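Number of protein chains: 2
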Amino acid sequence: MSFTAYILDVLTDSVYPARITVADGIFKEIIPIKVTEETKIDVEGLLLPGFIDSHIHIESSMLTPAQFAKIAVRHGTTSVVCDPHEIANVCGIEGIEFMIDNASTVPFNFYFTAPSCVPATSFETAGCVLDSSDIEYLLKKDEVVALGEMMNFPGVLSGDEEVIRKLDLARQYKKPIDGHAPLLSGKELDKYMEQYIVTDHECSNFSEAIEKKQKGMKIMVRDGSSAKNMEALFDFSERIDHLKNQDSFGIIPTEVLERRIHSPIFDFIVSDDKHPNDLIKGHLNKSVQKAADLGIDVIKAIGMVTINPAAHYGLDAGVIVTGAKADYIIIDNLKDFNILKTFIAGECVFDGKNVLFDVPEVEAENSINATKKTSKDFEIYYDGDECEVNVIECFNGELLTQKTTAKLKCCEGKVMSDIYDDILRISVVERYGQNHVANAFIKGFGLKKGAIASSVAHDSHNIIVVGYDTEMMAQAVNKIIDNKGGFAVVSEDFSDSLSLPIAGLMSNEDAYGVAKKLNTLHKMSSALGCKLDSPFMTMAFMALLVIPSLKISDLGLFDGDAFEFIDVIRN
Amino acid sequence: MSFTAYILDVLTDSVYPARITVADGIFKEIIPIKVTEETKIDVEGLLLPGFIDSHIHIESSMLTPAQFAKIAVRHGTTSVVCDPHEIANVCGIEGIEFMIDNASTVPFNFYFTAPSCVPATSFETAGCVLDSSDIEYLLKKDEVVALGEMMNFPGVLSGDEEVIRKLDLARQYKKPIDGHAPLLSGKELDKYMEQYIVTDHECSNFSEAIEKKQKGMKIMVRDGSSAKNMEALFDFSERIDHLKNQDSFGIIPTEVLERRIHSPIFDFIVSDDKHPNDLIKGHLNKSVQKAADLGIDVIKAIGMVTINPAAHYGLDAGVIVTGAKADYIIIDNLKDFNILKTFIAGECVFDGKNVLFDVPEVEAENSINATKKTSKDFEIYYDGDECEVNVIECFNGELLTQKTTAKLKCCEGKVMSDIYDDILRISVVERYGQNHVANAFIKGFGLKKGAIASSVAHDSHNIIVVGYDTEMMAQAVNKIIDNKGGFAVVSEDFSDSLSLPIAGLMSNEDAYGVAKKLNTLHKMSSALGCKLDSPFMTMAFMALLVIPSLKISDLGLFDGDAFEFIDVIRN
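From first to last, the protein sequence lines stand for chains A and B. So the first sequence is numbered by the numbering used here: it starts at 15 and just counts up by one. So the second sequence is numbered by the numbering used here: it starts at 15 and just counts up by one.
These aren't lab readings, by the way, just hints derived from the structure by calculation. Note that this is a predicted model, so its numbers are computed, not measured. Even for Gly, the Cβ is constructed at its ideal location relative to N, Cα and C. A couple of the hints might just be wrong.
[As the list claims (entries may be wrong)] Here are a few chain B residues that face chain A, going by a calculated C-beta distance under 7 Å:
#1 Asp23
#2 Glu58
#3 Glu208
#4 Lys227
#5 Lys229
#6 Gly230
#7 Ile265
#8 Ile266
#9 Thr268
#10 Val270
#11 Ile275
#12 Ile279
#13 Thr336
#14 Gly337
[To be verified] Derived Cβ-Cβ restraints for the label pairs, each shown as a range:
#15 A:Gly173 - B:Ile45: 19 to 25 Å
#16 A:Ala576 - B:Ile55: 39 to 45 Å
#17 B:Asp350 - A:Gly411: 51 to 57 Å
#18 B:Ile47 - A:Ile275: 52 to 58 Å
Produce the entire structure from the sequences given, and follow the hints as far as they go.
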């Protein structure tokens, strides 16, 4: 195949017309041409490298890798570096190998990282432990390009033997190490970086990012469903303040400073997590456009999702050069940024209307190994008329919670919810066969009746449920057990569920199907009084113990500041 | 040691004040500080990473590595990636190991490449052959960070077995491959790059550099004694034309284009060759200043001699970050660019006046293994009154020659030089024990009497001599044999020589001593009528067969266009 097109070249930050020959899946020849009035340019629009999301957990899309690919190519994404951290917590190596196998069924570039922190903490029951020998097994695979985000920074700082062994292995196999160190700074950051942990995607403010960058980290700016850090990290006023501060030293010439404002000083744009309802709207294409709207040089922004990640992870991707894999996209222009076509290894996989490959259905393994529950399992008992309890307080769109307290009435020895003060019940049901149930209280959901439950609950993905009364909670949990995982909304008036039978995390359906069902469940939750935009996402993070202040695991209520369990009842 | 200073940070392209602690040779801690009126900044000026010359042949400085270091630190250079190609041609592995050993005697960072093309051609007698097993031996060494410049591009293109084996070995040992492919373009360049040859330092014009860059090469811009490509590659008008050409497509926003002009699109600034008389005046410090004068963003220019080469070759250098080797320099400001101090591994090695380390004297091995010559050795015989000869025509400051002809008188069976038409004799005397002598004629030197000779003659470094009469030529060559190598100027009126007893390439003296002697020889050459600015340099390239059109080796007159020997006498 041979054709003429304008190439957006991220190597020279320029556009040039060329005759391009693609064969055997690669760019065979690229010959710059001179454009005269007679020249026919075959391709309308601009040809650029396919986009690379260099940090994403595919499981958060609730789609199989193959279904993820099917929606991603519509947005110009052709490669992802994905960390199968969620499924690893559920099914270990077997889960990771399922992801690799399933990924290989579609024409899309999936690169993997070896999840470094499974389980995330020892304060919860996960489905699996990945020790250093498992990590070595994974690092040997060609598909595995890095050691996944090292979230256990306390382990790094204290020199935990297994943690250090995993880091050593990554260096031994010459694979880079991804970091995850929210707000780590100063000497502790220095010590963390001594282990050659060279990326970070957790920066939530400009000065945090500048410190990490100045210390030599490559900064991933998140623009996903959970975390959105672009506004903070590409903030114009902060950038100008930072530069003016320099100017006051009188060292850098003013005209150099002025040009500098539009250059991103960070390295990659990533999504981290992308939910199906967001994913049907866009992916990195929208992020690049947003970066440009924020004042970032658009070609540099494109570099952050093409050549920068490709160079860092050593991927055969991200550039339009002879000999490279012919992964490219056609967009209309740099302003509207519509994806007209997507090609992978020279084959058109998205023609502007349809995705041109099929996705095989996956056999679901029942990974939910819990017995059916009754209302009794969710009761909290107290011998008295009233008691004071510790309450998790959550906020719309935030992972952080606060620790608050409430006085609750008791009836027949059971502590009651308080619908007027929005003190609901939250429980975590262990799903790996031990049948622990931990019960506590939560404020912020706003449900007036019914219950919502989910088998997506970071990072161990036990079943989590929030509700007013224990009977509805039992029904919601049992619905999830029946469905082999997923989300459920249950009330006296109506009930519905989204089945996620693959590891309790992913559906067999496509993005549109899953997004539609998810939207239905969101609407039903609202109808039950829920005040949160994404109640299942917020609920999923209520079990993520490493993010303060008060969380819950299947083993109990957990104080993230003190890093220890605490009692629900205070007196 | 702990102090406050303004750091020029090449990671964020910014300047910030910090408290810096240096211990055990590394940056132990770097803490940004707020500057108030009371703040005392200990260091006057600006602290930045020491400069890295990522492509240099130390031998061209005529100094030992240790003596090179002594002059380089005055100019802020703290690291070099050097290709010991010259000494390898003379002494093979032993020569390279001498360089590595000698380098280790001083506090300076010498990184080496394994010379890939020794000998340069099979049309000359070199001191050594480095085959693929030698290359493997070298690639195993920690000091060796890359495979040196692959000049044998015909060998790459034809798939020469030994060449491909060397390239494979570099990939096997995960060491990058440096290129050298002047004017290579189109499909041939594609094929050359298929071998993962990822740098090029031979670009002499903008469009050549753009093509290579667009194909994925990293471009080294030379600013040395022999090659000076900065003006061509940083050319503003070409850059603007290139960008305007883009603008005419209406694809890239104008304001983006305007900012882009000041961004260098190439990667490194290197010297390649730096002669002692240039080296005493400056090194990369002058190149950065020149780049800034040409309109390049000064901080980006600094990046080209710090972080860019460090990242490419994986050097512990080029950045000011905690945990990195404390190689840094203090300059007065970004305009005057005076080097106030140089530090290597935390130790001051240049205090603004003196270099604070000693250089050991080196025992010279006699590598000149040639018998004394007489005038007869340089005669060309012809039976007749007159004959037509092929003549090398050389030009001031150029490596390329032209092939011309001349009619010369004969006397007693010997062909005579023609002083009026500037047709002088040129001979190459084999120095490795076989005592070949090849004689021919050359135009362009302008000598009216006497002879000049040198044991520096790329790439085999046989003895090369130019002169009017054969007696003076014999004396000049014999002077070099007596001196165990070097340069000589001989005439009836005066004679002098510079001894280069180390492999016939390097002196034991310091840069100032060698430069002074070289200047004397240049003046004496001028006094003999020589029209060339650097007659020894020009002469040294008359034996470099790979650069057209007509050259000479110890085996005869060589037509670089036809790539074969030709006769001196035409009829």
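Do the hints match the structure? See the list:
no.: 1; hint: Asp23; result: holds (6 Å)
no.: 2; hint: Glu58; result: violated (12 Å)
no.: 3; hint: Glu208; result: holds (6 Å)
no.: 4; hint: Lys227; result: holds (5 Å)
no.: 5; hint: Lys229; result: holds (5 Å)
no.: 6; hint: Gly230; result: holds (4 Å)
no.: 7; hint: Ile265; result: holds (5 Å)
no.: 8; hint: Ile266; result: holds (6 Å)
no.: 9; hint: Thr268; result: violated (12 Å)
no.: 10; hint: Val270; result: holds (6 Å)
no.: 11; hint: Ile275; result: violated (9 Å)
no.: 12; hint: Ile279; result: holds (5 Å)
no.: 13; hint: Thr336; result: holds (4 Å)
no.: 14; hint: Gly337; result: holds (6 Å)
no.: 15; hint: A:Gly173 - B:Ile45: 19 to 25 Å; result: holds (23 Å)
no.: 16; hint: A:Ala576 - B:Ile55: 39 to 45 Å; result: holds (42 Å)
no.: 17; hint: B:Asp350 - A:Gly411: 51 to 57 Å; result: holds (53 Å)
no.: 18; hint: B:Ile47 - A:Ile275: 52 to 58 Å; result: violated (24 Å)
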